[in-house]
Structure formats: structure tokens, C-alpha cells
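Q: One-letter residues, chain by chain:
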Amino acid sequence: QVQLQESGPRLVQPSGTLSLTCAVSGGSVSSHYWWSWVRQAPGKGLEWIGEVFHSGLKNYNPSLKNRVTISMDKSKNQFSLRLASVTAADTAVYYCARDMGVAAGGPTWEHWGQGTSLVTVSS
Amino acid sequence: QSALTQPPSASGSPGQSVTISCTGTSSDIGGYDYVSWYQHHPGKAPKLMIFEVSKRPSGVPDRFSGSKSGNTASLTVSGLQAEDEADYYCSSYGGSNNRYVFGTGTKVTVL
Numbered sequence: 081q082v083q084l085q086e087s088g089p090r091l092v093q094p095s096g097t098l099s100l101t102c103a104v105s106g107g108s109v110s111s112h113y114w115w116s117w118v119r120q121a122p123g124k125g126l127e128w129i130g131e132v133f134h135s136g137l138k139n140y141n142p143s144l145k146n147r148v149t150i151s152m153d154k155s156k157n158q159f160s161l162r163l164a165s166v167t168a169a170d171t172a173v174y175y176c177a178r179d180m181g182v183a184a185g186g187p188t189w190e191h192w193g194q195g196t197s198l199v200t201v202s203s
Numbered sequence: 010q011s012a013l014t015q016p017p018s019a020s021g022s023p024g025q026s027v028t029i030s031c032t033g034t035s036s037d038i039g040g041y042d043y044v045s046w047y048q049h050h051p052g053k054a055p056k057l058m059i060f061e062v063s064k065r066p067s068g069v070p071d072r073f074s075g076s077k078s079g080n081t082a083s084l085t086v087s088g089l090q091a092e093d094e095a096d097y098y099c100s101s102y103g104g105s106n107n108r109y110v111f112g113t114g115t116k117v118t119v120l
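First to last, the sequence lines map onto chains A and X. Note that the working numbering has the first sequence beginning at 81, numbered continuously upward. Note that the working numbering has the second sequence beginning at 10, numbered continuously upward.
Just chain A, same shape as in the assembly (with noise of 0.2 Å):
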């Protein structure tokens, strides 16, 4: 069975670029799915940040497309989320997903970390 861990610091500096990493444990990141993240901001709803695939292909939310980068290191079994120019808007508990893979079309995210603690946005 395939798991995900979420790591980072918990407080970001607002200007600050937030970094992530998913390790991912029972599975291989080189497989046939789609990697993504997803937060929650305090008392808000869910949103998608962006997917890697192994091949090298990404896609972004176009809301924070401009700010995003995810990537992945197959030697280490991790992906991680990096978000630059961080303000309080981002302040959010952020998931990492994996998706059904070739079995199921959509937003298909069957496997999720925990979720990381709060990560605050503050100085």
C-alpha cells in the first residue's frame, strides 16, 4: 500500500518562498501516476496547486502558476512543492496525492499524505 508523508517548516517568511517534500513509501514515483499537491486554507475549502508525472510533465492551478514549481527526485522517491513570493493568502495545511493512474480519468487522488501541520505565513 502506497503512503505519503508531507515535511517542511511550519513558518514561512511573507515574501518567502515555501518549500515541501513528499516521500512516498510502497511505491514507486517512477510508476504510471500523477503526483500532486492540494491545500486548505484556515476555514476554506480544498485547492489544487499542481501535478508531475514521471516523464517530466507538469501542471499548475493557473491561479498560482506564476509562483509554482513542483518537481520530483526519483533517487530519493520524493516529490516537492516549492510557492515563492508567499504571503498570508497562503497560509494552509497542504497535502500530497497520488492519483488513480490509467485506471480512472479526473481528479482521481486515491492515495494522500496526512496533510502537513499549519504552515503560517508570517514574520
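Treat the hints loosely; a few may be bogus.
Said to hold, decoys possible - Simulated crosslink set (DSBU-like; lysine-lysine; CA at most 35 Å straight-line):
1. X:K77 - A:K124
2. X:K77 - X:K64
3. X:K56 - A:K138
4. X:K56 - A:K156
5. X:K53 - A:K124
6. X:K53 - A:K145
What the hints assert, rightly or not - Taking CB as the label site, the calculated pair distances span:
7. A:R90 - X:S18: 28 to 38 Å
8. A:K138 - X:S87: 36 to 46 Å
9. A:V82 - X:H50: 15 to 25 Å
10. X:R72 - A:A169: 34 to 44 Å
The hints are simulated quantities; they were obtained by calculation from the structure and are not laboratory data. These figures come from a predicted structure and were not determined experimentally. Using N, Cα and C, we set each Cβ at its ideal position, and we do this for glycine too.
Assemble the complex: chain A is given as a structure, and chain X must be docked to it using the hints.
A: Chain X in isolation, oriented as in the chain A frame:
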């Protein structure tokens, strides 16, 4: 990128049914049969309950069912149980330029 529209809340007594709507546009829900539903208990990871409008992943009870008509998708929970009390989010594919969008979320309360 606009979120899909869901009612903020829904409720029902144990054993009853509750239906949650999710309204989008012809560019997302109406354009593709790629609607999913997630159950989210606070502090836990979201759980996929329905994918491709009406399909259930292994292990999801058949009390959960999904449907779609035009630009609106729906999730019905039949035979409500206490553990069904959670937030529910729809999500849809929105095309190559606006790949995925979530709904605003609905809090389901079991009375």
C-alpha cells in the same frame, strides 16, 4: 479559476438520505464525465468516495452514490450513519488549461 458551487450545509437523521449538489459550467462538469467526490474529516486526509461521476473505489459503501445532469453533479448518501458526518467536496476536470477545480464544500451533519 472559479470553484464549483456547493451548498454550505446539509443534514439528515440517522437512516435518512441526504443529497449534495455541485454546480459548475459546460467547461468543467458539463463537459466531461470526470467528477469526483471527497469526504473530509477535519484533521484527516480527504478520502475519495466517488470518481468518474458514479463509480465507487474499493471499500466505499454502496450507500454513497453519484450522478450528473448537465452542469450539476450530485452525491447522495443513503442510510446516514454518524460516521458520515464530515465535509464533502466535489471536484471536476476542467480541460487542459484549467485542469482540476474543487467545489466550495458542504458540511454534512447527522442529527
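Q: For the pair we were handed, K77 of chain X and K124 of chain A, check the Cα-Cα distance against 35 Å.
A: holds, 25 Å
Q: Has the given pair, K53 of chain X with K145 of chain A, been kept, meaning a C-alpha gap of at most 35 Å?
A: Holds. K53 of chain X to K145 of chain A sits at ~27 Å (cutoff 35 Å).
Q: CB of R90 of chain A to CB of S18 of chain X, is that within 28 to 38 Å?
A: holds, 31 Å
Q: Going straight from one Cα to the other, do K56 of chain X and K138 of chain A come out at no more than 35 Å?
A: holds, 24 Å
Q: CB of V82 of chain A to CB of H50 of chain X, is that within 15 to 25 Å?
A: Holds - the Cβ-Cβ distance for V82 of chain A and H50 of chain X, about 21 Å, lies within 15 to 25 Å.
Q: Should the hint that R72 of chain X and A169 of chain A are 34 to 44 Å apart at their CB atoms be regarded as holding?
A: Since the Cβ atoms of R72 of chain X and A169 of chain A sit about 37 Å apart, the hinted range of 34 to 44 Å holds.
Q: Do the alpha carbons of K56 of chain X and K156 of chain A lie within 35 Å of each other, as the hint requires?
A: holds, 26 Å
Q: 36 to 46 Å was suggested as the range; check whether the CB atoms of K138 of chain A and S87 of chain X agree with it.
A: About 40 Å separates the Cβ atoms of K138 of chain A and S87 of chain X, which means 36 to 46 Å holds.
Q: Does the structure keep K77 of chain X and K64 of chain X at a Cα separation of 35 Å or less?
A: Holds, because 12 Å separates the two Cα atoms, which is no more than 35 Å.
Q: Starting from K53 of chain X, check that the Cα of K124 of chain A is at most 35 Å away, please.
A: holds, 15 Å
In the structure shown, no violation is registered for any of the earlier numbered hints.
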